[in-house]
Every structure is written in structure tokens, then in C-alpha cells.
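2 protein chains.
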Amino acid sequence: MALEIERKFLIHGMDWKNAATSCSFLRQGFVSIGSIGVVRVRLIDDQGVLTIKGPTRGAVRLEYEYEIPVEDAAEMLDELCIRPLIEKTRHCVPFGGLLWEVDVFVGENEGLCVAEVELEQEGQQIELPPWVGAEVTGDPRYYNSSLVRKPFSRWRSEKTDR
Amino acid sequence: MALEIERKFLIHGMDWKNAATSCSFLRQGFVSIGSIGVVRVRLIDDQGVLTIKGPTRGAVRLEYEYEIPVEDAAEMLDELCIRPLIEKTRHCVPFGGLLWEVDVFVGENEGLCVAEVELEQEGQQIELPPWVGAEVTGDPRYYNSSLVRKPFSRWRSEKTDR
Numbered sequence: 001m002a003l004e005i006e007r008k009f010l011i012h013g014m015d016w017k018n019a020a021t022s023c024s025f026l027r028q029g030f031v032s033i034g035s036i037g038v039v040r041v042r043l044i045d046d047q048g049v050l051t052i053k054g055p056t057r058g059a060v061r062l063e064y065e066y067e068i069p070v071e072d073a074a075e076m077l078d079e080l081c082i083r084p085l086i087e088k089t090r091h092c093v094p095f096g097g098l099l100w101e102v103d104v105f106v107g108e109n110e111g112l113c114v115a116e117v118e119l120e121q122e123g124q125q126i127e128l129p130p131w132v133g134a135e136v137t138g139d140p141r142y143y144n145s146s147l148v149r150k151p152f153s154r155w156r157s158e159k160t161d162r
Numbered sequence: 001m002a003l004e005i006e007r008k009f010l011i012h013g014m015d016w017k018n019a020a021t022s023c024s025f026l027r028q029g030f031v032s033i034g035s036i037g038v039v040r041v042r043l044i045d046d047q048g049v050l051t052i053k054g055p056t057r058g059a060v061r062l063e064y065e066y067e068i069p070v071e072d073a074a075e076m077l078d079e080l081c082i083r084p085l086i087e088k089t090r091h092c093v094p095f096g097g098l099l100w101e102v103d104v105f106v107g108e109n110e111g112l113c114v115a116e117v118e119l120e121q122e123g124q125q126i127e128l129p130p131w132v133g134a135e136v137t138g139d140p141r142y143y144n145s146s147l148v149r150k151p152f153s154r155w156r157s158e159k160t161d162r
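Chains as they are written, first to last, in the UniProt record's numbering: chain L, 1 to 162; chain P, 1 to 162.
If you're looking for bench data, these hints aren't it; they were derived computationally from the structure.
A couple of the hints might just be wrong.
[What the hints assert, rightly or not] Stretch by stretch, here's where chain L covers chain P in the computed footprint (C-beta under 8 Å, at least three residues):
no.: 1; segment: 47-55
no.: 2; segment: 121-128
[Unchecked claim] Label pairs and their computed distance ranges (CB to CB):
no.: 3; chain 1: L; residue 1: Gly97; chain 2: P; residue 2: Leu119; range: 51 to 59 Å
no.: 4; chain 1: L; residue 1: Gly97; chain 2: P; residue 2: Arg141; range: 54 to 62 Å
no.: 5; chain 1: P; residue 1: Arg57; chain 2: L; residue 2: Leu10; range: 37 to 45 Å
[Stated by the list, open to error] Residues from chain L shown here face chain P by an in silico Cβ test under 8 Å; the list is partial:
no.: 6; residue: Val31
no.: 7; residue: Gly34
no.: 8; residue: Gly54
no.: 9; residue: Leu62
no.: 10; residue: Asp78
no.: 11; residue: Leu80
Computed from a predicted structure; not experimentally measured.
The C-beta atom is built at its ideal place from N, Cα and C for all residues, glycine as well.
When you get a sec, could you build the whole thing from the sequences and use the hints?
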């Protein structure tokens, strides 16, 4: 078992970029998005990863992650995963003794940029970087599985329509 | 990629049992059952297996299978999988140059017994053992995912109700 405990924030400006130590391109999709959890396939540069996530309870969820052959991951993304796929560049940014991940989305979620940090325990005290804004932990609109069903580009067009 | 090509039959009597060369106990569940496919977790004796299956087209479907830690499989079965779980004893029965698998269900599917044989290609000629009855390949009632939603024990009670 692994328990995933993470917090998620919106981003202010680009100051995080100078502190970024690495970046990778993620192409990911969901084989299923259900009430029990999600099954995610990821291509991280040239690595394939299959992840089963349980239901979210606050900032905590059960998570099982396995490396799989890159050809399997690519084929599942092409043949099985729900459309649209999620595509984003992930930048690793060390801050306050923790490793923050800044995700810059492209494709149908272009314009969205969020920072995530993984914690060792719920309620753990953390120092917030100056470049993070509002916390969106637990806001279902920002789940990657929600960004498949309602990509960020459609949030804006709905606002314009009003 | 793996393409799974298999045919499934009902069983007549117990003559298959004398020819069975091995048997194992399977406890399995589904993390998701969707229109795109299913995500299955299996405990086969003391081995854990995670399987992603695409949609069925005739006797063929995309299938990806990975061995996972037995503790993960047990926990996913306990915590994440849709109820009821499927429990069955699988007997391996060589016949006509092929390996037949005879599944004897217990629990909520007790009374159901089916034989499956995996083929190398669709349309492959096979010799049928004398102990198989009607073919049920492609009959969705006999999918293991259907046996979760509508276990065999409930088929009989519905017949009795009429």
C-alpha cells in the first residue's frame, strides 16, 4: 500500500522557473474514472507507469504505482484511454526542504498551471513558496481526471458565454 | 500489446476432473468495469496480478497483464474492488493439444462451471472435449465482470420467481 498525501496550489507568475532543477514531459490518460477511484496510464519522457488510485479523502488517497513497458503505455494511451489525454510539462522545484512539482498544461488544458507537493503525513506543516496562490487541494475541478471530462479551455469559454 | 483470443463453454458432468493436471484458487475483483474495458486484480494462490482488458470484439480483446506484489493485490481486493468478489477454483485440463481451464465458481457464483481455452488466432480449428456443452463465447452474462453485477445465484432466483 501507498498513501498519497498531497496539497495543490495555483501559481503566481514565473519566479518558480529560475529555481526549477529538472523538467519532464508527461502524456497521460485514464483507462477508467469511477466512483471507487481511477486507473491512470502515464508516459513520463520514455518511461511507462500504471497507477491505481482509490477515492480521495481530504488530502489522502490509496495509490498503487507500477512501471510498465513503454510500448504498453503508449498503446493504452492510443487505444484505451478516455479522450482528451492530459499533456503537461512537469518542473521539479525544491523549496523549504520539499520537492514541489509545477505542472504546466498544454493541449486542451493550456493556460492551467498548478503546483503540487507531496507530504509524509496529513497536517504536516509546510513553508509556502512566494509563487503559489490559492490552495485547490480537494477541489475536484483540478483533479486530472476532471480535466479530461472538463478541460481548462472549456472553463474559460463558459465564463465568456455568461 | 497482447491480444487475448479465447472461447468459453459450459460443462457437462465431471469427466474433466480425471484429466486435470493442476488446480489453483483464484480470488479476483474489478477496480473498474467500464465501456472501454475492465481493470482486474487477481490473487492466484500467492501471486498478485493486475490486468487491463480492452473492449471485447468477438473472441478477441486487448489485454495487458502485470505481476504485482501480493500485498497490493490483497489490499486492492479488500479496499477498492467492486462487490462481490469472484472466487473460483481453476483446474488445468490438457485436451487435443490445448490447455483448457475449467473454472468452478464458489461464493455468490456457486453452481457455475465453465471451460475456457485460449487460441493463437481467431477462427483456429479446435477439437472439443466430450465434457463441454453449449458455447458461451461472447455471451455477456458469463463475463466475470457481469458475474459481479449479476452473480449466478441470482440468475436462478429470478427463474424461480417467474
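Numbers of unmet hints, in rising order: 2 and 10
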